[in-house]
Every structure is written in C-alpha cells, then in structure tokens.
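**Q** For chain A, the structure is supplied; the task is to place chain B on it using the hints.
Sequence order for the protein chains is A and B. Residue numbering for the first sequence follows my numbering, beginning at 396 and increasing consecutively. Residue numbering for the second sequence follows my numbering, beginning at 4 and increasing consecutively.
Simulated from the structure, these hints should not be mistaken for laboratory data. Some clues are possibly wrong.
Stated by the list, open to error - Now the stretches of chain B that chain A is said to cover, found in silico as 3 or more residues with beta-carbon under 8 Å:
#1 74 to 85
#2 129 to 143
Claimed, not checked - Simulated restraints on C-beta separations:
#3 Gly422(A) with Trp137(B): 25 to 35 Å
#4 Pro453(A) with Ala405(B): 48 to 58 Å
#5 Gly422(A) with Lys391(B): 32 to 42 Å
#6 Thr425(A) with Glu343(B): 41 to 51 Å
Don't be surprised by glycine CBs; every beta carbon is placed ideally from N, CA and C.
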Amino acid sequence: MTLNPPKRPEARWLLPLILVLFALQLGWLTWQLRGDFQDLAHRGWHHSWGTAVREEDPFYRWVTTLKWAIPPQATYVFLDNYEAGKEVEARYHLFPRRHLLLLPDSPPSLLFYTLKQEQASYLLVRDAKPPPGPGLQAALNLGAAKRFNIPGPGLVYRVHPRLIQGGFYD
Amino acid sequence: MIEATLLLMRLTLGLTGMLAVGYVLATWLAPGFTRLERVGAGFGLGALVVTLWMLALSSLRLYFSLPLIMVPLLALAGGLLLVIKLGRRGHPEATPMPLPITPAPYGLWDLVFIGLLVALFLFVVPRALMYPVWAWDAIAMWGFKARVFFLRGAVDLSGFEAHNYYPNLVPLLVTYLSLWMGEINDLLVKIVFPLWGGAFLMLLFGMLRRLGLGRTLALGLTTFFALNGITFTTHLHIVYADLALTYFALGAVGLVYLWLTEAAPPGVLPLAALFFAGLPWSKFEGSPMAGTILLAAALTLLWLRPPRLARRLALLAWPVGGLLLGYLPWRLFATSHGIETGSDHILGFYLTQLLQALPALLIALINPTLFGILWPTTALALVYCGKKIFTTPILFLALFLAGNFLAILLAYAVAPTSPSEFHLYLRGTLDRLLLHLAPAAALVIGEGVNELLLREPSPAADLHSPT
Chain A
396 MTLNPPKRPE ARWLLPLILV LFALQLGWLT WQLRGDFQDL AHRGWHHSWG
446 TAVREEDPFY RWVTTLKWAI PPQATYVFLD NYEAGKEVEA RYHLFPRRHL
496 LLLPDSPPSL LFYTLKQEQA SYLLVRDAKP PPGPGLQAAL NLGAAKRFNI
546 PGPGLVYRVH PRLIQGGFYD
Chain B
4 MIEATLLLMR LTLGLTGMLA VGYVLATWLA PGFTRLERVG AGFGLGALVV
54 TLWMLALSSL RLYFSLPLIM VPLLALAGGL LLVIKLGRRG HPEATPMPLP
104 ITPAPYGLWD LVFIGLLVAL FLFVVPRALM YPVWAWDAIA MWGFKARVFF
154 LRGAVDLSGF EAHNYYPNLV PLLVTYLSLW MGEINDLLVK IVFPLWGGAF
204 LMLLFGMLRR LGLGRTLALG LTTFFALNGI TFTTHLHIVY ADLALTYFAL
254 GAVGLVYLWL TEAAPPGVLP LAALFFAGLP WSKFEGSPMA GTILLAAALT
304 LLWLRPPRLA RRLALLAWPV GGLLLGYLPW RLFATSHGIE TGSDHILGFY
354 LTQLLQALPA LLIALINPTL FGILWPTTAL ALVYCGKKIF TTPILFLALF
404 LAGNFLAILL AYAVAPTSPS EFHLYLRGTL DRLLLHLAPA AALVIGEGVN
454 ELLLREPSPA ADLHSPT
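Only chain B is shown next, with the shape it has when bound in the complex:
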C-alpha cells in the first residue's frame, strides 16, 4: 500500500513538472489566457517540450535521467516566470484581466453538463487505471517503444521493426512518466490519457467562450463533443497517439480561427505555432494536417481580403515555423540514425479503394455509435451559417474540413492494402481519422449556435462576464 502511494506520488510529481513547464510557457506566450485555458494549453505544451527535449538528449547521446530532463526545463520555466513578473511590473496593462469578484452562480443546465462530464471521467479514469495496455497499436507500437526507450534510456530503435519512422511524442511521454515512477507500470501511466482529455475539453471550452458563447452554452457544447459517440471516450483510456493529435489539431485550428476572427488574445500565433509543432511530433498524419490548416488559412485570407492582408499572410510564418519545429528534429534524428520512412502509406492509386472508402466515410459520419450526432449537427450548423461561410472566417473551418475529407479519401485510395483486407483497414482507421477533425466540427457547431441565436462572435472582451 505504501509502495503504491509512493508510486502515485512520483507519478503526480512527473505530471506536475510537465504541466508547470507548459503552464509557464502558455502564460508567457498568451498572457490574456484564463487560468483554465493555461492549464488546458499547458498540459500539451509541457508534453511537447519534455519529449522534444528527450529527443534532443538522445541526439546528444546522453542517457535519460530525471535531473538531465527536469533541471534545464525547470530552469527555463523559472526564467520565463521571472520575465513574466518583470514584464508585468514594467507594463501593468499586460496583466491578464481579473476575474469578476462574484462569478455568476451555476444554473441547472450548468450543473447537468458538469455532472455529465464528471460522469465521463468517473468512467474513463478507472477504465484507464484498472486495465493493462491492451489495444493493438499500444502493444505493437506506442507502448512498446515507451518500454524500449525506458529500458535503453534513449531513443534507440535498433533491433526491431515497429513503424520505427513514426514520431515519438506519446512513447517518450510514457517513458518520461515511467522514469518518474522508476519502473514500467503500464496501468498507472495511462492516467495521462484521461488527463489529456480533460486538458482538451478545457481548451475547447475556452475557445467556445471566445467565440462568444455564454458559459452554459460553451459547457453544453463541450459536453456535446465529449459524449457524442464512443470514439473520443475510447481514446481517453487507450495508449494511442490519436488523442494527442486531436488535441494539437484543436489548438492549431482553434487558435488560427480565433486569430482570423480577431477573437484571440494578443500573441496567439506564437502559441499556435507550438500546437503546430505538436502535430507532426504526435503522428505521421500530423504534417499533412498542418499543411491543410495553413492552406485553409491562406485561402481564407486571400478570399476575404481583410485590411493589412500582406501582413496577415506573413504572420502565417509563425505556424510554418512551428510545423518545422515539430517536424525537423525527428526527421534529422531519423535520417542520421538510418531510420527510413516506410512506404506503407503510399504505393499506387486504387480507384476501387476510393469507391469503397467514399460510402464508408459517409456512413461513419452518421453512425451514432462512432460520433453520435456530432457530424450531422456540424452539417446543420454549416447550413445555418449559409452565406456567412463565404463572407466570414467560417470559410477557414469549412475549407479545413472539406480538405481533410478529401485527404482521407485520397489516403485510402493510395493505401497499399490487399482487397480482401481493405474493409478491415477502413473499419480500423476511419473513426480515428475523423476524430482528428472533430475539434473543427465543435467550432463549426459553436458558430452555428451563434448564428441560430443571431449572436455576433465577439472578441475576448466578455470572456469573464457573468452569463
């Protein structure tokens, strides 16, 4: 019992250390963020920084140890904290907006939605902790690599083949927590996934508030997202990288969208850049997805022609830089260690597969088991937005979704799978690919609700106002 308590304490320390690094980073980059948004963003940014640093250590041929990982990162966080404090002393206007003294009391609907979210976590936390790693990709890749990295004390992929060219954010995160625990405990370590899901929902809630939704509506829509179908729930307790990719997709798409609508706090693009970095570092699909976000943003700007168009287009260099920050370190490491990119994603173009994938995609979008009524509601919201799609930055969300649906179909058309197994391949991957896009669907629904209530999306000014 004492041993288990100590193990939990060490795990908590590891999670706290990671969160602290990310929280300070989020505070520094986006001082206008609320505490909830900083926690939501800080969790993923902490994971990103810790794991990229671990990759850097392996590149320098240094073996993992907690002092080597934590001391430089905590020193960096301390330095940033000092910069933030000094900056505030010099510029009091930079201090984030204080919360109202008496926040509005929670209404019945607030309590219903909070209750549903609590119920979700009362299910997924024990589901994560009571069962060992069991899902295929967790055993075959992500969890396996974490075990290897922990035992070898480095990113060392020699002697086995487990899609070695895949990026390593999730394996290294599990390795990091195992280092804190001092052992491989594939039960306890899974707590990171429900927590990451919580961070995702905090971030989503914050973004919906910034779109102008009141607290109750934002809470309701966050609950609507979390409890629509089985896909999101499942990824809160399996060791897959799809939750990480979905989280970074929310950050990247959401922050760029808020920037386009001018509802974002100042300095949001450098923060968005870090979410872009998380995309290629989470999964192989992250790079093309980041490309579609950038393309959608650029096309939206060109179509809408807002004032200072050239400057705004130039500012997209931030997310481009973020993408390179997440892509290049692993590519350079892989190249220098002779890890070749596999051809298991692309071989040729198969029209029959495309024709099979199209109805499968449409069915998955309306399958209540996978996503409940999330996608039909998204379609309805787009219909409600109507002409606004072509006259407002909602165009960005529509382009992102359309581009990625097309990319999914194209990916299936070039997948080197035998005809007899293709339907299994579809069944095993389609829900995950749609999960990556689901955050954009939540934002579209947010705008649909705004449209239905004839509310203008408002900047962050009323973020703290009682609802």
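So that you can see chain A by itself, here it is in the shape it has in the complex:
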C-alpha cells in the first residue's frame, strides 16, 4: 500500500497525515453536500427533474404566463430591487421582450419619464403584497396603468404612455 518509497524521514508520517486530513475533509465535503445528494436521489426517484424543478417556483410559473400576455416585441418596466435576484430571472425568461428595471418606490417623475421615453407598454411588480409605490400609484390615478388579472406572486399592468400628461408632484 505504498504510494512511493519515501526518502526523507518525515515523509513516513507527513504523507499519511496529509492523507488522513484529506479523508477527514472529504467527510466534511460529503456532509456539506448531503442536501444535494438527498435532493438528487429524491428527484431521480420521482422523475421530477428539469423543467419540473423550475415549475416548483411560483415566480417561474408566473413569468411563463407572462410570455403569453406580453408580445415578444414589447417593452416592460420591472419594479423590483436588483438584490432580490428575481428581475434577472424575469429578463432571462422573457427575452426578447425589452426589459427595464426601476425600484418599486420610484417617484412618478422617473417612472413616467421611463415609460414615455422607452415606450414601455407593460409594468411588472415582483411582489404583490406591499402597497404600490408613488410612481405606480400616480399612474393608476391617471388611468395610465390598468391591472391584468394574471394570478401569481406579482402584478402585471398594461401601460398607456400617451395617457401620461403630467399631473404629479414628486
């Protein structure tokens, strides 16, 4: 069971010591990956891999529905924090639709400018729970944004930039 005849005296204990430490860290690595092993085995057994993994996520199911609601040549504004990591997912799945990101609490000036300048025709809000931000609220008050009834974790609005004629104060 020799790896190679050791020449330095300390090689007799140093190489086996490194091997033992490596074996211990291998155990640690296996422990770290135990969740992955379990999930792989579970999915393999139940044939729930691939798209099935995605469809477990309500956000993905919602975005897939949006593919049918938003035409490929349309531009949409996505209201979310970049850090949430969901707007990049929306952009990934909704391409070639043009994607613009603004914060949910964007003021009317910024939101209206973006909608008009970029000729955006849809407005998506990632999280339906919080009340609308000032920009979106102003657009709703003007009647420039109308909600689509698409079930899911977020909200979808059809926007009419030509109806935005000012009428706000930041």
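**A** Just chain B now, with coordinates in the frame of chain A:
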C-alpha cells in the same frame, strides 16, 4: 424519448466537433503530448477556436449557422491533420513516443483515487443535467447572453445591460451547443461544464506526470485537487466563466512552468500561447492574470540566469502574442460596436476595504468548506521547497501566487462597493478568485511531494514508464 435521444446525439456531435478541432490543434503544436493530454488540451482549445471564430463571423456581419461555423474549422483541422501525417512521414522521429506494450497494472491506491474521481462525476453530471440554470451570474450574464446570441444569431448586445463589455467565450460556447441542438435547452447544455472539469483534470494529471510524479502520486494529487472543498465541485455544474478561466490558467501557468523546468515537450510555447489567449477571452480578470504569469516568468529567468537567457526571454513573445490573440478581437469588436468598458471594477482606493479583505483572504485560504486543505498544504509544500524556491523555477510559481494574492487585495481595495455591502461582495467573489489560482497551488504541491521524496523533477522521458 426519441426526441430526447436525438437532442443528446446532436449535442454529442457538437461537443465532438469542437474536441476534434482542439485535439488536432494540440497534436500539431505539441506532438510529444500523450493522448490524454491532447484530449485535455483539445477540449479547451476547441472551445477557444470555435468561439473566436463565432466572434469573427459576427464581426463580418454573418449570422451564425452550423455550416458557417463548422465547415471552415473542420477544413482547417483536416488540413492540419494532413500536415501532421506528412510531417511524420518525412521525419519519423517526430512521431510521439509509443506507449509501453504492457502498462503497469493498477494498484489499490490507483483504484481508490480513480474511484473517488468517478464518484465526483457521478455527482456533478446529474447535478448539471437535472437542474436548470439557477446561479446568479449564469442567469444575469453568461446564460442570458448565450440565449440572446442564439436568438439573434450573432454577438448582438443591443438593448440590455449585462456587463456587456465582459468577454464572451462561455456565452458563445453555450450558443454553439444550442445551435447544434437547434433549441435553447439550458439543462442539457450544462454537460459542457463537467466535461470541461474532466479535461482540466486530465491536463493537470499530465502536468504532474511531467513534473516527475509517478502515476499513483499524480492520480492522488489530481484527486486531492478535485475533491478539496466545495468550490471546484460547484463550478462543475453552474454556468460560470470561472471554470474556463481556471482551466486556461492551468494551461498557461503549467506549460510555462514545464518550459522553465525543461520538462515540457518540444513546441510547448506556441501551445501555451493559445492558453494565454483563453485567459482574456474567458473573463475580464484574464488579462491581468496573464500579465502576472508573464511577469513571474520574466523575473524568474532574470533571477536564475539560465544559459541562453536572452533567447529564452525573447521566446516569451509567444505567450505575449497569445494574450493579444485573445484580447484584441473582443476589444476591437467592443470598440467598433460602442460597447464601453465599465468602471465597476475600479473607482478609487479604499484602505478600509483593503483592511477588511486581508483577514477575509487569510480565512478563505484555511476555510475547509471552500478549499479543504489545499492552501495549507501548498504553504507546507513551499516550506519544504525551502531554498529551492530561489534556486529553481519553483520561484515562478511562488511569484505567480504572491503576485496574484497581492492583486486580489488591490482589486478589493479599489472595488466601488458600498461599505454595508462589501462583506457580501467579498463572500461572493473570494472563492472564485482563489479558484483561478488553485492550479498553481496543485503544481506547488507536486513539487513539494517531489521534494519530500527527494526526487528530482525529471523531463518527460519517463512519462510513459510503468510506475
């Protein structure tokens, strides 16, 4: 079921085509390479050539199609094959060394190490294939751009912002395989990452053999690298460009090191040049990394003053040329298409960030979850090499590592991140930056083992000898 089988067959054809191009190129440039080394090198070189050619097509305003991509490349590979055959007929001595008729039987330790590597791939292959693209940068950049390029049939970055100035080897590779499949299938396409990891390990194994390690020790050290911590394993199944950069770093550092120690097969520098080209074409960090390799090589030569110093220094023009080959096409394309280089890497110098990054770096080096005992073993190997660091080309590896640790700290000191988010930035990037340097650590450990066993690093002569 039939559809899935056909899809797999098309994907396999795409991978085979790419590998064939790279394999022929590796055979032409380094005829002394073993078959395993040619496969290891051929995979990455194929990816490099295919994607650079796709960039060239976009520069010529030609839309991607398989005939347009494959016919010229396969013709080139065929031509090279002819040159190789004719060359061998004229110079029988150029034929690579034949393998021994009866290779040494595998011992227990060989089987243990091979078993561990097989277990690794039994985990990462299904992990890559069963889950869709999920990691942040894959969704936000690499995988997203691949989707865009496939749908637009060109390198067209208009209408969105996803670090558009980043190089495009990985997105174009995914696009290429999607073209073969005829659709975007972000499950199957991920097979390229475990395969690339396999190519990396083949190349590493070959280099360790050339450093003089026997088959068992080289296998053991390859396993030691692959299964030390979670970082390498993770990058075998996510669509990130860091595995590509790590692979090209191994090729560039390893081949230059073998050349410095005179353990490399003839004609290795032109081959190394292609690995240098892969660095800037994989990631933005590739160019400075290539610079540190060149600087370390030049300083080592100047310090050691080997015979024919001036000639050897001049030969470094090969990797410089490789670096330009990988850097210039994308820079010219980006400039001509109005793609500006972002300033998200450099803004000012923040001492507080440097002071935060230093302990974080030290902790990451000893964190068993990230890299196991790879880095502490590297430190031990350097200690064992002792004075040899200053009297042999091991100096090159030490300079490369030291220079890059310094570069990492400097990069963190100039990163424009808000103070509240800096610790998150560190946590999200440090493991990847260390992964890029890890191949050099494996080579240092190889030399440490040589030193421990009092073995002199030997040229490639005993590469095929039974162990």
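**Q** Taking the numbered hints from earlier one at a time, note which ones the structure violates and give those numbers from smallest to largest.
**A** Violated: hint 1 alone.
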